[in-house]
Amino acid sequence: MASELLLKLHLQSNPEALCLVRATLERATELLHFQAPDSRAIVRSVDEALANVLRHAYQSQGNLPIEITCSKLLENGGASGSCKAGIEILLEDSGVPPNPDELKGRSLEDIRPGGLGLHFMKQSMDLVEFGRKNGKNQLRMIKYLVPAAFATKPEGE
Amino acid sequence: MQIASRISEGFTIFDISGDIDLAHSPQMRKALLGEIKEKRVPKVFLNLKNVRYIDSSGIASLVEGLKASRDTGSRLILYSLSTSVREVMQLSRLQKIFEIFEDEQQALAS
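These protein sequence lines map, in sequence, to chains A and B.
Numbering-wise (my numbering), the first sequence opens with residue 1 and increments by one.
Numbering-wise (my numbering), the second sequence opens with residue 158 and increments by one.
Same shape as in the complex, but just chain B (with noise of 0.2 angstroms):
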């Protein structure tokens, strides 16, 4: 798993690429609670556009950081779901509790 970050407009966005798996979670774990707790960015966004796999505990990742975003009154916003991501969130039944964006320019907008 790769993590890139950019920040744009003081907002930052991971893009993330790669299996986020039991070994690699942990990492995408630490950068989002990093940017939601630590530095409490008003805006965070998930670019999944080139997540080959997630497992529960990349999921259990990403609920951890909504929990964080909704403690400290800061949006995580994901957008661009692969295949495999849009899946496991239909299989979880999360998709409605995420802001889920199809593309960047959509989530950006928002």
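Extracted from the complex, chain A is given alone in its bound form (with noise of 0.2 angstroms):
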């Protein structure tokens, strides 16, 4: 899969970063021209990755490292094989592994608080892979881009 860096930050572990974070993926798509809902659902789906490493890895503990790494994914049609444009976004910390249970979800139709942000993340996001390398959590997020004349409009807007 072609690709080429687009970004890298380096943050710590505390919620204020959190907003940080969201404004510069929404610039980031926007220059990769998603479309605005999938602007939103990228944004939404690291802001949950980031939420659930400071609150499960991290335990809710400040000032501990994450790193966040965006590629461009590069279209290539050649007879090699196809793949398609979009945006890949690696996550690392070096937290609590995540409970294999927990990255099951939850059923919906169980109304309580807690629980949806990695239903969000799972039903935004095209890919959604949970790893561990070098005594680090990765999670792997895909996205691809969809033409703008195969893109549905979501109500409200």
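Do not take every clue at face value.
Listed next, with one range per pair, are the computed distances between beta-carbon atoms [said to hold, decoys possible]:
1) Q123/A with R197/B: 32 to 42 angstroms
2) E4/A with D228/B: 49 to 59 angstroms
3) I254/B with H33/A: 33 to 43 angstroms
4) N14/A with S174/B: 14 to 24 angstroms
5) L20/A with D228/B: 31 to 41 angstroms
6) Q61/A with I254/B: 32 to 42 angstroms
To be clear about the criterion: a stretch of chain B counts as covered by chain A if any three or more of its residues have a C-beta under 8 angstroms from a C-beta of chain A, and this derived list gives those stretches [to be verified]:
7) 161 to 173
8) 188 to 202
9) 206 to 213
Listed below are several chain A residues computed to face chain B (Cβ distance under 8 angstroms; list not exhaustive) [unchecked claim]:
10) E16
11) L54
12) Q123
13) L127
It should be emphasised that the hints constitute simulated quantities derived from the structure, not laboratory data.
In this text the structure is predicted, and so the values were computed from the model without any measurement.
Heads up, the beta-carbon is just placed ideally off N, CA and C, and yes, glycines get one too.
If you follow the hints, you should be able to join the two separate chains into one complex; please do so.
Next up, the structure:
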């Protein structure tokens, strides 16, 4: 999969940092020509992923490192196989590994506070993949670019 | 995030603006539960027109407020949902669980 580095962010595990990441990603996705609903979906997914790192991996301890790497996926329709354009986001933290049972999500029929963040990520992105490498938690997410002609307009816009 | 409150006919209206995220949802939760559980206000309205962003912790606070309102026999009423709030309500399939109205006039008349 051909890609080029778009941006790399090093931040601390503080809730106040989330709005900065959202603003940066909103602009980055606009530059990549994502439609507004997809841009919001990407921003939402990264925000929810970061909130999970803060709450679960770092158990609400501040000032611990988080790294976000965003890459632009390049379209390649050659004979060797086609790749779609899009964005790949890799989040890395050094916190507690996630519990595999918690990564399954929960039923939405169960109306209660909590547990929605993972659902939002899975609903919003084309790929959500958890892993662990070199003692770090890694979360890889991909959203492919949908040509404007195929994009659907959400209710209320 | 900013929360402004108004009193109308004995009911509380919260005008919320900005981002309801991990950093700010505890503030909204405290305000909501204060009206519903402590002051026992019979109807609490949330004007969400100027909410730019809401995350799952904000939705969790709304669900908690809804449960508290059911426990105390009061009503939590949402209106003028911004695009961001509407999308997240749809994603979490909660739009049929909450009382939601298009605007303040309809909400107050309910």
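Each hint tested on the structure:
For Q123/A and R197/B, the hinted distance range of 32 to 42 angstroms is satisfied, since their beta carbons lie about 37 angstroms from each other. With their beta carbons about 54 angstroms apart, E4/A and D228/B fall inside the hinted range of 49 to 59 angstroms. Restraint check, I254/B to H33/A: a C-beta distance of roughly 36 angstroms satisfies the suggested window 33 to 43 angstroms. A hinted range of 14 to 24 angstroms holds for the C-beta pair N14/A and S174/B, which are about 22 angstroms apart.
A hinted range of 31 to 41 angstroms for the beta carbons of L20/A and D228/B is consistent with their spacing of about 38 angstroms. Checking the proposed 32 to 42 angstroms range against Q61/A and I254/B shows it holds: the Cβ atoms sit about 34 angstroms from each other. Chain A is given as covering the region 161 to 173 of chain B, and this is violated because 0 residues of the stretch bring a CB closer than 8 angstroms to a CB of that chain, at least three being needed. Restraint check on the region 188 to 202 of chain B versus chain A: 0 residues with Cβ-Cβ distances below 8 angstroms, three needed, restraint violated.
Only residues whose C-beta sits within less than 8 angstroms of a C-beta in chain A count toward coverage, and the region 206 to 213 of chain B has 3 of them, enough to reach three; the restraint holds. For E16/A, the suggested interface contact is upheld, since its CB lies about 5 angstroms from the closest CB of chain B, less than 8 angstroms. Among the interface hints, the one on L54/A holds; its C-beta lies about 7 angstroms from the nearest C-beta in chain B, closer than the 8 angstroms criterion. Below 8 angstroms, beta-carbon pairs count as interface contacts, and Q123/A has one with chain B at about 5 angstroms; its hint therefore holds.
For L127/A, the shortest C-beta to C-beta distance to chain B is roughly 18 angstroms, which exceeds 8 angstroms, and the interface hint is violated.
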